[in-house]
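Chains as they are written, first to last, in my numbering: chain A, 1 to 171; chain B, 1 to 335.
By construction, these hints were calculated from the structure, which means they are not laboratory data. All C-beta atoms, glycine included, are put in the ideal place defined by N, C-alpha and C. Just so you know, not all the hints are guaranteed correct.
Using 25 angstroms as the maximum straight-line C-alpha spacing, the simulated SDA-like pairs for lysine to any residue come out as follows [unchecked claim]:
hint	chain 1	residue 1	chain 2	residue 2
1	A	Lys43	B	Asp69
2	B	Lys285	B	Thr216
3	A	Lys43	B	Ser329
Quick list of simulated restraints, FRET-style, between CB atoms [what the hints assert, rightly or not]:
hint	chain 1	residue 1	chain 2	residue 2	range
4	A	Cys41	B	Ser14	33 to 39 angstroms
5	B	Ser223	A	Gly121	37 to 43 angstroms
6	B	Gly44	A	Ala139	38 to 44 angstroms
7	A	Leu16	B	Thr5	16 to 22 angstroms
8	A	His31	B	Glu89	21 to 27 angstroms
9	A	Glu69	B	Asp290	26 to 32 angstroms
10	B	Leu65	A	Asn2	40 to 46 angstroms
11	A	Thr169	B	Ala129	27 to 33 angstroms
12	A	Gly101	B	Ser223	22 to 28 angstroms
13	A	His31	B	Ser60	53 to 59 angstroms
14	A	Arg71	B	Ala129	55 to 61 angstroms
15	B	Pro302	A	Asn2	51 to 57 angstroms
16	B	Thr288	A	Cys41	44 to 50 angstroms
17	A	Asp30	B	Gly44	18 to 24 angstroms
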Amino acid sequence: MNPSISLKVNGLKRVLVIEARVSLLDALRDHLGLPGTKKGCAKGACGACTVLVDGERINSCLALAMQYEGREIVTIEGLADSGVLHPMQQAFIEHDGFQCGYCTPGQICSAVGMLREFRSGAPSAVTENAAASGELTDAELRERMSGNLCRCGAYVGIREAIQQVHGATKS
Amino acid sequence: MNNFTFGRATDSSSALKLISTSPEHGTARFLAGGTNLIDLMREGIERPQSLVDITLLPLSEVQQLPDGDLRIGAMVRNSHLATNALVRERYPLLSQAILMGASAQLRNMATTGGNLMQRTRCYYFYEGAAACNKRVPGSGCDAMEGFNRIHAILGTSPQCIATHPSDMCVALAALDATVNITGSSGERRVAFTDFHRLPGDTPELDTNLQPEELITSIDLPASSAGLDSSYRKVRDRASYAFALVSVAAALKIDAGIICEIRLALGGVSHKPWRASVAEDLLRGKAPTRDNFAAAAAAELAPAIPRRNNAFKIELAKRTIALVLSELASGAGAAR
Numbered sequence: 001m002n003p004s005i006s007l008k009v010n011g012l013k014r015v016l017v018i019e020a021r022v023s024l025l026d027a028l029r030d031h032l033g034l035p036g037t038k039k040g041c042a043k044g045a046c047g048a049c050t051v052l053v054d055g056e057r058i059n060s061c062l063a064l065a066m067q068y069e070g071r072e073i074v075t076i077e078g079l080a081d082s083g084v085l086h087p088m089q090q091a092f093i094e095h096d097g098f099q100c101g102y103c104t105p106g107q108i109c110s111a112v113g114m115l116r117e118f119r120s121g122a123p124s125a126v127t128e129n130a131a132a133s134g135e136l137t138d139a140e141l142r143e144r145m146s147g148n149l150c151r152c153g154a155y156v157g158i159r160e161a162i163q164q165v166h167g168a169t170k171s
Numbered sequence: 001m002n003n004f005t006f007g008r009a010t011d012s013s014s015a016l017k018l019i020s021t022s023p024e025h026g027t028a029r030f031l032a033g034g035t036n037l038i039d040l041m042r043e044g045i046e047r048p049q050s051l052v053d054i055t056l057l058p059l060s061e062v063q064q065l066p067d068g069d070l071r072i073g074a075m076v077r078n079s080h081l082a083t084n085a086l087v088r089e090r091y092p093l094l095s096q097a098i099l100m101g102a103s104a105q106l107r108n109m110a111t112t113g114g115n116l117m118q119r120t121r122c123y124y125f126y127e128g129a130a131a132c133n134k135r136v137p138g139s140g141c142d143a144m145e146g147f148n149r150i151h152a153i154l155g156t157s158p159q160c161i162a163t164h165p166s167d168m169c170v171a172l173a174a175l176d177a178t179v180n181i182t183g184s185s186g187e188r189r190v191a192f193t194d195f196h197r198l199p200g201d202t203p204e205l206d207t208n209l210q211p212e213e214l215i216t217s218i219d220l221p222a223s224s225a226g227l228d229s230s231y232r233k234v235r236d237r238a239s240y241a242f243a244l245v246s247v248a249a250a251l252k253i254d255a256g257i258i259c260e261i262r263l264a265l266g267g268v269s270h271k272p273w274r275a276s277v278a279e280d281l282l283r284g285k286a287p288t289r290d291n292f293a294a295a296a297a298a299e300l301a302p303a304i305p306r307r308n309n310a311f312k313i314e315l316a317k318r319t320i321a322l323v324l325s326e327l328a329s330g331a332g333a334a335r
């Protein structure tokens, strides 16, 4: 008999009965009716499946749903607030941060998580002396977003969108 | 992916009990961040009948020990470890190495213990139709005469030329870390450089961790803190790629003489490669470019190249000499 688990997704508690092998990605898409999160490579290489868990970005394709019971999961469907797009969603539209759109939900969730990491002082591989400099240079942004591939090559717009949100909201 | 039973442990003893009482427990695996194990299961390379989730174990702290060592819990996630203030202050080499591995998403999932347990990214290991002594002992090795640009040059055997993929582990090898392990017969400590194995005649064994033993923490000695250090990774892309060659180096120079040196290499062997030949040649010597180059040449002297990876020998020599020269001149240190 399959186990029953309870997931908190986009602020709602959802109970589902699934096999242990079901990934968080498949649970969201196939069991909870949330197909916004995309399956790209299914091996943690492309970032299309990125979601936020307790505010941190992860690859949902490499996560078993069972392991995420009780955690706060946010998908692309949960970013808008009462019908108003999240600033990152709005910025992707304004800057054409996509072409086919397949990587976009992952890019947007990843960007939201990335700015949170950056503002909390998390270092990156390009920052000298492994310490956050405070300035989100384009080199910083590329490094911190390297886990999200866009095969259309919409990186210019993606970068502009993220920089706009960073600039508009930094303290 | 095959289906399996799934249990969640809340402490080390319940984890050991769950795994030893699980159905077909010889195939059971502990599951931490899952970034490698879930991938291997999806590819059919790993087929455990049971998984024991250990992410709830109370092993998520980085603590200062009374003797000055730093203890890193096995469930500390890679991103948290790289960001930890004590690590950045005392062991910046470790922070730097972690941040050069994988992507931010993967570092948010992957754990300290899991990083040690990563399996090789050799394509022939991942491809079920290929011969691979690591996956199916005795079946042969298609990498030997295949596309072996990414493969090992040091410590290889006629059975296997796979490399260990971790960056973090290269820094831990250089820093003289110790692995703390628990199992049904008690607790034990293993020097980091003895944790991973060379392939020899048993390439199916990556580590000396026994079945149903659990890594609980990693200790970093106080004696490795505060050295000038640097991690240099040479790879095909600027970010999010495995190392062709990487160098972890830490140095202390006093009155123009090298009094302490730690050197480890990634991307060249089945295990993080502690370059003790080069270290022994350099200890007590002047930190000159010529001495660095000679030591690097001696370290790489036993290297055995295959058709596509001979470039790694020269690349490793040059990268060692460059990193040490930069450290000696005060440029390029991580701290």
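These are the hints, each one checked on the structure:
1. Lys43/A x Asp69/B: Answer violated: lysine 43/A to aspartate 69/B is near 37 angstroms, above 25 angstroms.
2. Lys285/B x Thr216/B: 39 angstroms, violated
3. Lys43/A x Ser329/B: Violated, at roughly 42 angstroms.
4. Cys41/A x Ser14/B: 33 to 39 angstroms: 35 angstroms, holds
5. Ser223/B x Gly121/A: 37 to 43 angstroms: 28 angstroms, violated
6. Gly44/B x Ala139/A: 38 to 44 angstroms: Roughly 39 angstroms apart at Cβ, these two residues keep to the hinted range, so it holds.
7. Leu16/A x Thr5/B: 16 to 22 angstroms: 18 angstroms, holds
8. His31/A x Glu89/B: 21 to 27 angstroms: Violated, at about 45 angstroms.
9. Glu69/A x Asp290/B: 26 to 32 angstroms: 60 angstroms, violated
10. Leu65/B x Asn2/A: 40 to 46 angstroms: Hint holds: Cβ distance 44 angstroms, inside 40 to 46 angstroms.
11. Thr169/A x Ala129/B: 27 to 33 angstroms: 50 angstroms, violated
12. Gly101/A x Ser223/B: 22 to 28 angstroms: 54 angstroms, violated
13. His31/A x Ser60/B: 53 to 59 angstroms: 29 angstroms, violated
14. Arg71/A x Ala129/B: 55 to 61 angstroms: Violated, since arginine 71/A and alanine 129/B (Cβ atoms, about 38 angstroms apart) do not stay within the stated range.
15. Pro302/B x Asn2/A: 51 to 57 angstroms: 54 angstroms, holds
16. Thr288/B x Cys41/A: 44 to 50 angstroms: Between threonine 288/B and cysteine 41/A, where Cβ atoms are some 47 angstroms apart, the hint holds.
17. Asp30/A x Gly44/B: 18 to 24 angstroms: Since aspartate 30/A and glycine 44/B have Cβ atoms about 21 angstroms apart, the given range 18 to 24 angstroms holds.
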